[in-house]
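Undergrad: Keeping their order, the protein sequence lines are chains A and B.
Going by the numbering used here, the residue at position 149 of the first sequence is 149; the numbering climbs one at a time, nothing skipped.
Going by the numbering used here, the residue at position 36 of the second sequence is 36; the numbering climbs one at a time, nothing skipped.
Hints listed in this document are in silico derivations from the structure and should not be mistaken for laboratory results.
Glycine is no exception: its CB is placed at the ideal position from the N, C-alpha and C atoms.
Treat the hints with caution; some may be incorrect.
[What the hints assert, rightly or not] Rough simulated footprint, nothing fancy, chain A against chain B, three-plus residues with beta-carbon under 8 Å: (1) 251-263; (2) 325-332; (3) 349-361.
[Stated by the list, open to error] When the alpha-carbon atoms are kept at most 27 Å apart in a straight line, the in silico DSSO-like pairs for lysine-lysine are as follows: (4) B:Lys364 / B:Lys232; (5) A:Lys232 / B:Lys364; (6) A:Lys232 / B:Lys232; (7) B:Lys364 / A:Lys364; (8) A:Lys232 / A:Lys364.
[What the hints assert, rightly or not] What follows is a set of in silico ranges between Cβ atoms, one per label pair, in the way DEER data are often shown: (9) A:Leu254 / B:Gly105: 49 to 57 Å; (10) A:Val30 / B:Leu112: 27 to 35 Å; (11) A:Asp37 / B:Arg73: 21 to 29 Å.
2 protein chains.
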Amino acid sequence: MKTADPELMRAINRYHVIDTIRRDGPIARVEIAARTDLSPASVSAITAQLMEEGLIDIHHVAPGGDAVRGRPRVLLGLNPAAYTVVGVKLTAFRIGIAVTDARGGSLSSLVLPIRVARQSPEVVADLVEDGVRRCVADAGLAMDRISGVGVGLPGVIDGIDGVSHWSPVLGGTPAPFAAAVSRRLGVPVLLENDANLVAVAEHWFGLGRDQTAFAVVTVENTIGLGLIVDGKLYRGAHGIGPALGHTRLVPGGLPCRCGLRGCLDAYASDWGLLRMAEEAGLLPQGDDAPDRIEGLVQRALAGEVAAAALFRGAGQAIGIAVSNLVNLLNPPRVILTGEGLRAGPLLREPLLEAVAENMLPTLKDGTEILFHSWGDEMWARGAATIMLRRIYEAPWNATT
Amino acid sequence: MKTADPELMRAINRYHVIDTIRRDGPIARVEIAARTDLSPASVSAITAQLMEEGLIDIHHVAPGGDAVRGRPRVLLGLNPAAYTVVGVKLTAFRIGIAVTDARGGSLSSLVLPIRVARQSPEVVADLVEDGVRRCVADAGLAMDRISGVGVGLPGVIDGIDGVSHWSPVLGGTPAPFAAAVSRRLGVPVLLENDANLVAVAEHWFGLGRDQTAFAVVTVENTIGLGLIVDGKLYRGAHGIGPALGHTRLVPGGLPCRCGLRGCLDAYASDWGLLRMAEEAGLLPQGDDAPDRIEGLVQRALAGEVAAAALFRGAGQAIGIAVSNLVNLLNPPRVILTGEGLRAGPLLREPLLEAVAENMLPTLKDGTEILFHSWGDEMWARGAATIMLRRIYEAPWNATT
Numbered sequence: 001m002k003t004a005d006p007e008l009m010r011a012i013n014r015y016h017v018i019d020t021i022r023r024d025g026p027i028a029r030v031e032i033a034a035r036t037d038l039s040p041a042s043v044s045a046i047t048a049q050l051m052e053e054g055l056i057d058i059h060h061v062a063p064g065g066d067a068v069r070g071r072p073r074v075l076l077g078l079n080p081a082a083y084t085v086v087g088v089k090l091t092a093f094r095i096g097i098a099v100t101d102a103r104g105g106s107l108s109s110l111v112l113p114i115r116v117a118r119q120s121p122e123v124v125a126d127l128v129e130d131g132v133r134r135c136v137a138d139a140g141l142a143m144d145r146i147s148g149v150g151v152g153l154p155g156v157i158d159g160i161d162g163v164s165h166w167s168p169v170l171g172g173t174p175a176p177f178a179a180a181v182s183r184r185l186g187v188p189v190l191l192e193n194d195a196n197l198v199a200v201a202e203h204w205f206g207l208g209r210d211q212t213a214f215a216v217v218t219v220e221n222t223i224g225l226g227l228i229v230d231g232k233l234y235r236g237a238h239g240i241g242p243a244l245g246h247t248r249l250v251p252g253g254l255p256c257r258c259g260l261r262g263c264l265d266a267y268a269s270d271w272g273l274l275r276m277a278e279e280a281g282l283l284p285q286g287d288d289a290p291d292r293i294e295g296l297v298q299r300a301l302a303g304e305v306a307a308a309a310l311f312r313g314a315g316q317a318i319g320i321a322v323s324n325l326v327n328l329l330n331p332p333r334v335i336l337t338g339e340g341l342r343a344g345p346l347l348r349e350p351l352l353e354a355v356a357e358n359m360l361p362t363l364k365d366g367t368e369i370l371f372h373s374w375g376d377e378m379w380a381r382g383a384a385t386i387m388l389r390r391i392y393e394a395p396w397n398a399t400t
Numbered sequence: 001m002k003t004a005d006p007e008l009m010r011a012i013n014r015y016h017v018i019d020t021i022r023r024d025g026p027i028a029r030v031e032i033a034a035r036t037d038l039s040p041a042s043v044s045a046i047t048a049q050l051m052e053e054g055l056i057d058i059h060h061v062a063p064g065g066d067a068v069r070g071r072p073r074v075l076l077g078l079n080p081a082a083y084t085v086v087g088v089k090l091t092a093f094r095i096g097i098a099v100t101d102a103r104g105g106s107l108s109s110l111v112l113p114i115r116v117a118r119q120s121p122e123v124v125a126d127l128v129e130d131g132v133r134r135c136v137a138d139a140g141l142a143m144d145r146i147s148g149v150g151v152g153l154p155g156v157i158d159g160i161d162g163v164s165h166w167s168p169v170l171g172g173t174p175a176p177f178a179a180a181v182s183r184r185l186g187v188p189v190l191l192e193n194d195a196n197l198v199a200v201a202e203h204w205f206g207l208g209r210d211q212t213a214f215a216v217v218t219v220e221n222t223i224g225l226g227l228i229v230d231g232k233l234y235r236g237a238h239g240i241g242p243a244l245g246h247t248r249l250v251p252g253g254l255p256c257r258c259g260l261r262g263c264l265d266a267y268a269s270d271w272g273l274l275r276m277a278e279e280a281g282l283l284p285q286g287d288d289a290p291d292r293i294e295g296l297v298q299r300a301l302a303g304e305v306a307a308a309a310l311f312r313g314a315g316q317a318i319g320i321a322v323s324n325l326v327n328l329l330n331p332p333r334v335i336l337t338g339e340g341l342r343a344g345p346l347l348r349e350p351l352l353e354a355v356a357e358n359m360l361p362t363l364k365d366g367t368e369i370l371f372h373s374w375g376d377e378m379w380a381r382g383a384a385t386i387m388l389r390r391i392y393e394a395p396w397n398a399t400t
C-alpha cells in the first residue's frame, strides 16, 4: 500500500461505499453509514457523486420507511447499466461468451463448439474476436459500449501481464493472449486462470459473498485452485495464481501431460480419467471427442463397475488434495465446483470420506467444505466479473 | 481495511517512514522521502515526532554528506532502546529465551534444558515465567521495562487468541498459553507457531527483508511452514497459520503422531527419522534422549549406509513437499532453515533433486530456493520480533 494523501483517503472511503452497496444492496444510506463507520454526511456526499457518475442508482423507494420523520426510504443499488463487460471462457472443446451488465446479469450469451486446443493462439484470438463481436451485437450493443473483456482459461496464467505460460488450451509456449485479443477488439482485456475467475465470481455473487478468505477447487479438464486471502485474489510470482492439479498425489506415479509424474490431474481430472479409461480398455485410444467423458460418466452411473471405480478413485484423490490444502493453509471455507462433479455422489462420497480421513482433527471445526453446482453462467459471470472487479478494485489492492 | 480519516492517513505515512528506517536504515531523510514518495516536509515532521517519542535516533552524522550545501548528512535508525522485548522458543527438549532490543539485538539469553513435552501447560508456563524473569535480570533490567513477550512453539497455534490447539510440546488439549504466561509476568504475550516466527524474523532481519511474498520451510522436530503474503503473515481460519508436516506424502503410509497416516512429518522430521531408525533397528526403541538425532546424524555423516539412507529419504520427501508448495502457490522465494538441515549435503542434495524433478518447468525461473542456516539467534530474534512487529504493525494489517 502506498503512502496516503487526501486523494487516497477519498478513494478508500468511496471503495467501501461501493463495496457495501455491491454486497448488501439495495441498501439505505443510513445502513451504509452503519456498516462502513462513515458519517451520514460523508455517505451522502459519496453516494451523490456515485449517482452523478451513474455507478449506482435508486433501486427502490419505500414510502414511510423512516419511522421517525415519515420520509420515504431510498434504497441504493449498483446501476446495472453503469458498465457492460464481456466474459469469455476457453476450454479444450469450446469458447463460451457472455455479455453482462455491471451486476453480472447476462445480456446475451453464445457457445462456440470449437476444439480450441488444435488451434494456434493467433487463430484462437481471431475466433474469440468473432464470437465477442457477435455476442455484443446479439445484445443490441455496439463495441464502444463495452468497458472490457475478461478471458478465463485453465493453466499457468500471468493475470497481471495477461500471458499464458502453459495451458492445455493454448499450449506450452508463452502467449501474450490478453494483448492479442485487446488488439483485435480495441478494448482492455484481462486474462485469468479459470479457477481464479470462479473464485472472484464466488466472492462477488456466490458462496464467498460474505467471506474475506476462502478457497475454490474447480474440477474440470484440470483440477484448479483459486484463493481469496484478505478479500484479495492470491497471486504467486509473476502474477501466476495457485494450482492444485500438479501437486504430487503419488510420487513417481502416472505420467501427466505437464511432463511430471504422479500429479493429481493424472488421477482426477477429466483428462486423467480418460487416460486411465483408455489404459483399462474401457475406451478406445486417442479418440478426442468432446462428449467422451460424458459417456464414461453415464456408464459409471448405470452401474458399470470398472467405470464407477475410476470416478470413486478420482473422488478419493481430490479428497486427499482438499485435505492437504486444509492441513496446509487452513482456509475457513473450501468451495468445490465444476463440471467434473457431474458424477454426483459416486465422486462426492469418496471425496468427503478421504477429506475426513486425512484432515487434521483439530482443524475440522474451522473448515466448511461446500459443493456449488453453478450452471454455465458461472463461467460467463466469472470471466465478466474479473473485468468488473478491476473497475471497482479496492485502492490498496490496485496492481497497476 | 477500515474506512479512512486523517488519523488513519497519518498512521499510514508514519508506518511507511518507520518501515523504511527499519528496512533500509541508517538512512537520510532525503532518501526516506524518495523511497516513500512523501514530501521532504512530511518526512521531517514525522521523523521529528518519532525522535521525540524515542522510536528512532540519529545513528550517524557524516560531515559534508550533502555535496551541494556542505551540510552534515544525518542518518536515522531505529533506536534500539525504544523497546525491550523477550522471545521464548519452546521445543520438545528445551526452553530458549532471549531479551532483545528494538532492533532485535540480543541483551541476554538463556537455555533451559527441560523436557517440556512431559509437563502440563501450567507447569510449562511456570517454567517460562522463571526463565524470563531470570533472563531479564541477567540483562540488568526490571520486568517493568519489558514491552512484551513473544512465544514460539511448533503445532496448530491460534496466533490471534494465543491458544495452542495441538502441539507436540503442549499436547492436544486447547491451551490458552499466551494468557497463562501473561498472567504470570504481567506483560502482553503473543503466541505463535514457530515457523511463522521464523517467517517474521526472515522478513525483518533475514533473506525476506526486501520481499513482500515468500515462504519459509522449517525443518526441525516437525516440518513447519510460514508464509508472507503481501507483506503480511498468512493466517487461515481461527488465526491458525499454515503447516507443511501433515500434508500427505504417501496416502495410507506410515503412521504419524497426529493420528493420520503418510504425513510428511513421518518421513522427514526429526521425530519421523527417529521412528524410522527404531523400526530399522538402528536405534533402541523408546529412548527419548535429546541428543539421539545428533547421534544419528553423526553416524550418517561417518558413512553408515542405513543411517545415510534415512537422511537422503528425508531430503527427497522435503523436496517433494517444497515442489508441491511451489506448484500450488508459486511463492517467488522459498527459504529452508532449521536444525534438521544439520545433515548438510546428505539431505540437501536429494532435496534439490526432488524439487527439480517435481516442479512445473514453467515455474522454475520464477522461484528461488534458498537455504539459511541461522544460529540459535534465529529463534530468539524471531520470537522477540513477533512482539516488535505488533508494536510497529502496519495500520491496515492491525488485527485488533
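Undergrad: Against this structure, judge whether each hint is valid.
TA: Evaluated hints:
no.: 1; hint: 251-263; result: holds (count 4)
no.: 2; hint: 325-332; result: holds (count 7)
no.: 3; hint: 349-361; result: holds (count 4)
no.: 4; hint: B:Lys364 / B:Lys232; result: holds (24 Å)
no.: 5; hint: A:Lys232 / B:Lys364; result: holds (25 Å)
no.: 6; hint: A:Lys232 / B:Lys232; result: holds (13 Å)
no.: 7; hint: B:Lys364 / A:Lys364; result: violated (34 Å)
no.: 8; hint: A:Lys232 / A:Lys364; result: holds (24 Å)
no.: 9; hint: A:Leu254 / B:Gly105: 49 to 57 Å; result: holds (53 Å)
no.: 10; hint: A:Val30 / B:Leu112: 27 to 35 Å; result: violated (58 Å)
no.: 11; hint: A:Asp37 / B:Arg73: 21 to 29 Å; result: violated (44 Å)
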